[in-house]
Amino acid sequence: MEGYQSAEFKKSMKIRLNYNNMMTRFVGEKGISEEEITAIKDQIEAAKKAMVKKRAEGGMDWRDLPYNQNEVVRDIIDYANSVKDQFDAFVVLGIGGSALGPIAVQQAINHPLYNELPREKRGGWPKFYVADNVDPERLSCLFDVIDPAKTLFNVISKSGGTSETMSQFMIIKEMLEEKLGKEETAKHIVCTTDGVKGNLRPICAKEGYKSFVIPAGVGGRFSEMTPVGLLPAAMTGIDIKAFLAGAAYMDELSQNDNERENIAYMYAILSYIAMKQGKNIHVMMPYADSLKYISDWFAQLWAESLGKKFHLDGTVAHAGQTPVKAVGVTDQHSQVQLYAEGPYDKMVVFLGVDKYRRSITIPKIYSEIPSLGFLGGVTQNALIQTEQVATEYNLLKSGKPNMEITLPEVNEFTLGELLYMFEVATGFAGELLQVNAFDQPGVEAGKNATYAMFGRPGYEAVKEELDNRPQPEKAYII
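Mapping of the sequence shown onto the working numbering: residues 1 to 478, in sequence order.
For the record, the hints were derived by calculation from the structure and aren't laboratory data. Note that the structure is a prediction, hence the values are computed from the model and not measured. Accuracy of the hints is not assured; some may be wrong.
Here are the computed lysine-lysine pairs in the BS3-like style, where the Cα-Cα straight-line distance is at most 27 Å [unchecked claim]:
| # | residue 1 | residue 2 |
| --- | --- | --- |
| 1 | K84 | K54 |
| 2 | K179 | K127 |
| 3 | K121 | K187 |
| 4 | K206 | K150 |
| 5 | K276 | K206 |
| 6 | K309 | K54 |
With the sequences and hints as input, model every part of the structure.
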């Protein structure tokens, strides 16, 4: 992508937030009033100061990723260009943010049927796969469509102790060594992990694997702008410099102290008030197939960051908002009935696009059939955008709060803007809720239980607790 550094380009690619339909003036009594925003002015100001303070003290290292990775980016691009012709496929072994981010970016930027294209139409880049689950059918079926001997595997785990990812790595390592020998296997594995700690760092040193570093202060769900996401993107020809430039632009916009001009802050403020009103379901509905997996990535970010049992002061919170994924127009025919006429427990966020990358015109046929003839000569671009407006109006008429984020077009720059905006909004919402948006004790508890059941050393107390859990009663098993 060219020209993304110019002020004119940035202005033309600025994403927009339209929250008219969140306000009582438009949606009615179930919306948000100006008085409700004014009532939390002190909380908003305190949250602004906390965001600045935490960043200055190194508590939000992910905010500096658009600026401090020039050498890393060069290394990634050089590595990707040097190995692209050696492999038919590139496979990410990761879970959580290590999988959801790369999938979302790949779907957004590249051809929706990328792997089905002949290599020359993929720009010479390898096919792209993500193995993010330990269902035994998943990995074994992957081997039905790739040749491991012609595949580069990217093992992503900051700790090197992620059971799901490391189990996949162990299976693949043995398979490759049996086929290729140890020395050749090293060329087929690249690791993304902590720079100093964890299991993968000494493994990389011992086995001679190429590796990239996940910065110590960046957590998994905020890691898409580290090598976690940048390497997979570069391996499919995505312009990671433009992606980071978009994030830097949004960082600039997100430092505006006037929340009415700050997309990230207003997104968080409106979501926070909606939660206080009992709207504990947050629906994200992109009206572009390219953005469909942004909802998956956002779901982890929002749920894992804000779903917390305790406030920062130790009092019980049980905070959070359940993210729900939908796709327009597909889910107009499956979920919108509930959104329009169901309970007032939701806010809906539409992701729209001004300019789609392709256009198809519906032919002027069946003019004698009124219910079909009106479509003749209309583009599908106009149809999907009109259906989005119609759905927004349907919810407005039903008194259901909704808002819209619009991308001028989907490209690396606007995608960087969008993901960074959501990250800042999440951090700000955490400050308003007074929870730690950067830990995940509920996730760790589940991991620890798994370790204990498999007899991992150091988890004996958890194993004893599990052994003493209430046993199922036959009366409740049918």
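Which constraints among the numbered hints does this structure fail? Numbers only, ascending.
1, 5
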